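Asker: Sequence order for the protein chains is A and D. If you want my numbering, it's the 1-based position in the first sequence plus 279. If you want my numbering, it's the 1-based position in the second sequence plus 17.
FYI, nobody ran anything at the bench for these hints, they're computed from the structure. In this text, all values refer to a predicted model and were calculated from it rather than measured experimentally. Treat the hints loosely; a few may be bogus.
[Stated by the list, open to error] In silico contact screen, one side only, chain A against chain D (beta carbon under 10 Å); selected entries: (1) A298; (2) L360; (3) A372; (4) L394; (5) W399; (6) L402; (7) E462; (8) G468.
[Unchecked claim] Sample of chain A residues lacking proximity to chain D, with all beta carbon distances greater than 12 Å (derived): (9) D313; (10) D430; (11) V467.
Cβ coordinates follow ideal geometry from the N, Cα and C atoms, glycine included.
In case you want the letters, here they are:
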Amino acid sequence: MNVGLIEYGAGNLPSVERALARLGVESLRASSPDALKGCDALILPGVGHFGALMRSLGERSLVEPLQRVVSSGTPLLGICLGLQAMFTSSDEAPGDAGLSIFSQKVSALPPADRLPHMGWNQLRRVRPSKLLEGVPPDSYFYFAHSYAALDAGDAGVAYCDHCAPFVAILEHGNVFATQFHPEKSGPVGARILTNFLQQASLPLPGPQAAGREADENR
Amino acid sequence: MSLARRIIPCLDTDGARVVKGVNFVNLRDAGDPAALAARYNIEGADELVVLDIAASRDHRPTFLETIRRVAAELAIPLTAGGGVATVDEGRAILRAGADKLTVNTAAIRDPALLTVLAAEFGSQAVVLAIDAKRVGDRWEAFVRGGSVATGIDAVAWAHQGVERGAGEILITSMDKDGTRSGFDCALTAAISRAVSVPVIASGGADTPETFLEVFCEGCADAALAASIFHDSIQGLGALKRYLGDHGVSVRQTG
Numbered sequence: 280m281n282v283g284l285i286e287y288g289a290g291n292l293p294s295v296e297r298a299l300a301r302l303g304v305e306s307l308r309a310s311s312p313d314a315l316k317g318c319d320a321l322i323l324p325g326v327g328h329f330g331a332l333m334r335s336l337g338e339r340s341l342v343e344p345l346q347r348v349v350s351s352g353t354p355l356l357g358i359c360l361g362l363q364a365m366f367t368s369s370d371e372a373p374g375d376a377g378l379s380i381f382s383q384k385v386s387a388l389p390p391a392d393r394l395p396h397m398g399w400n401q402l403r404r405v406r407p408s409k410l411l412e413g414v415p416p417d418s419y420f421y422f423a424h425s426y427a428a429l430d431a432g433d434a435g436v437a438y439c440d441h442c443a444p445f446v447a448i449l450e451h452g453n454v455f456a457t458q459f460h461p462e463k464s465g466p467v468g469a470r471i472l473t474n475f476l477q478q479a480s481l482p483l484p485g486p487q488a489a490g491r492e493a494d495e496n497r
Numbered sequence: 018m019s020l021a022r023r024i025i026p027c028l029d030t031d032g033a034r035v036v037k038g039v040n041f042v043n044l045r046d047a048g049d050p051a052a053l054a055a056r057y058n059i060e061g062a063d064e065l066v067v068l069d070i071a072a073s074r075d076h077r078p079t080f081l082e083t084i085r086r087v088a089a090e091l092a093i094p095l096t097a098g099g100g101v102a103t104v105d106e107g108r109a110i111l112r113a114g115a116d117k118l119t120v121n122t123a124a125i126r127d128p129a130l131l132t133v134l135a136a137e138f139g140s141q142a143v144v145l146a147i148d149a150k151r152v153g154d155r156w157e158a159f160v161r162g163g164s165v166a167t168g169i170d171a172v173a174w175a176h177q178g179v180e181r182g183a184g185e186i187l188i189t190s191m192d193k194d195g196t197r198s199g200f201d202c203a204l205t206a207a208i209s210r211a212v213s214v215p216v217i218a219s220g221g222a223d224t225p226e227t228f229l230e231v232f233c234e235g236c237a238d239a240a241l242a243a244s245i246f247h248d249s250i251q252g253l254g255a256l257k258r259y260l261g262d263h264g265v266s267v268r269q270t271g
């Protein structure tokens, strides 16, 4: 199985690479449209700035190819900023368009508590989740962010509460994303990655609704 | 359900090895950073800090290699620093595998550095480290490993640092550092009140009670310690069980 880490200069790509290596999974770095096509599963890592991420993807001509491979059914896991990039836009960079896989937007968390939301927090599960299979309900995950998706419709399967309730895990067809960093979340984070890879190794169910949403938004 | 308070072991290194000593004198070897990192990763550390206390330009490649070796052992976040003065130095540390970097002396010399680093890497990756000492009725910031007084009020500096872009404050009490007499709760609480970002308390860690105090009275979001963990005076698991039993939200492991 070819697991591609989308390379656009994100600082945490090596961390994700190491986390996969600990699971015995060799990944490759995908930085061109052609490289995306050859992958059985894709991971979009991310730390930093929404606008910088979208511009970097744009400079590498990866935006449309990424939307295309995802709408054709390739499993995609977005991590942290990689989750936020799946929305249409973000308060962090009002002028920059996101990947628009989901129709909502990313908001600045209201300053009701300390920000950035930095450290280990628990999740509130609201729908059945494939990524959380076998993960104990009281588990902690590592977060480091000041922006979040407050709503993702039915795709929001788990929420976290800090300053406001926000989407911690997204699942919609072949599209998965976590606002926390599974690669930094100890054994339970490793389980999340394993669960994602398991989805990727299943027979492809064909084009997914999440992909069609991306098409409509284009 | 709430954000857990973090327990953070700190590895002070000469670039390559973990060292212990006071004010850079009588440094003695305290082990291999990667081996200690592997141990703390399993024992339930919430994060790890690795510092280059020598911070000489000659040793920098060695320190970057140390970060790489440490990062390879961790499934938890890593913060690294020591002598960072430019964006390029910050980038090298993050590329080597750190999630966050600390800045201290260079930020006092040029506070705009915080803004530049935050714009480049995001505030969540920029930790402002402040070494503070009680002087009269306030705390003063010191630089160069605590050897040079600045005359700057540490609490006001923390506030300014956050406005400039720091996403977290690492406050070390020089009065308490190495004494094993408890954290400086008054200093930590003053910093916590002055800023909107998370605060890591450092200096004076001893018994589980001292951690409970710094979380309750000091309003710390995280507590950092070195020798009590390196010397196995305090186990991470037992410390977290004690804190959990006393109503502090912590991530229990194992």
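Asker: Each hint: holds or not?
Answerer: Verification of the supplied hints:
1. The criterion of a C-beta within 10 Å of any C-beta in chain D is met by A/A298, whose closest approach is roughly 7 Å, and the hint holds.
2. With a least beta-carbon distance of about 9 Å to chain D, the hint placing A/L360 at the interface is held under the 10 Å criterion.
3. The restraint placing A/A372 at the interface with chain D is violated, with a minimum CB-CB distance near 12 Å, outside the 10 Å limit.
4. Evaluation of the A/L394 hint against chain D yields a held restraint, the C-beta minimum of about 6 Å falling below 10 Å.
5. Evaluation of the A/W399 hint against chain D yields a held restraint, the C-beta minimum of about 4 Å falling below 10 Å.
6. The criterion of a C-beta within 10 Å of any C-beta in chain D is met by A/L402, whose closest approach is roughly 8 Å, and the hint holds.
7. Nearest Cβ of chain D to the Cβ of A/E462: about 7 Å, under the 10 Å cut. The hint holds.
8. Look at A/G468: its Cβ gets to within about 6 Å of chain D, closer than 10 Å, so that hint holds up.
9. At roughly 26 Å, the least C-beta separation between A/D313 and chain D is larger than 12 Å, which holds for a residue marked as non-interface.
10. The non-interface label for A/D430 is consistent with chain D: the shortest C-beta to C-beta separation is roughly 19 Å, beyond 12 Å.
11. Not every beta carbon of chain D lies more than 12 Å from that of A/V467, the smallest distance being close to 10 Å; the non-interface claim is violated.
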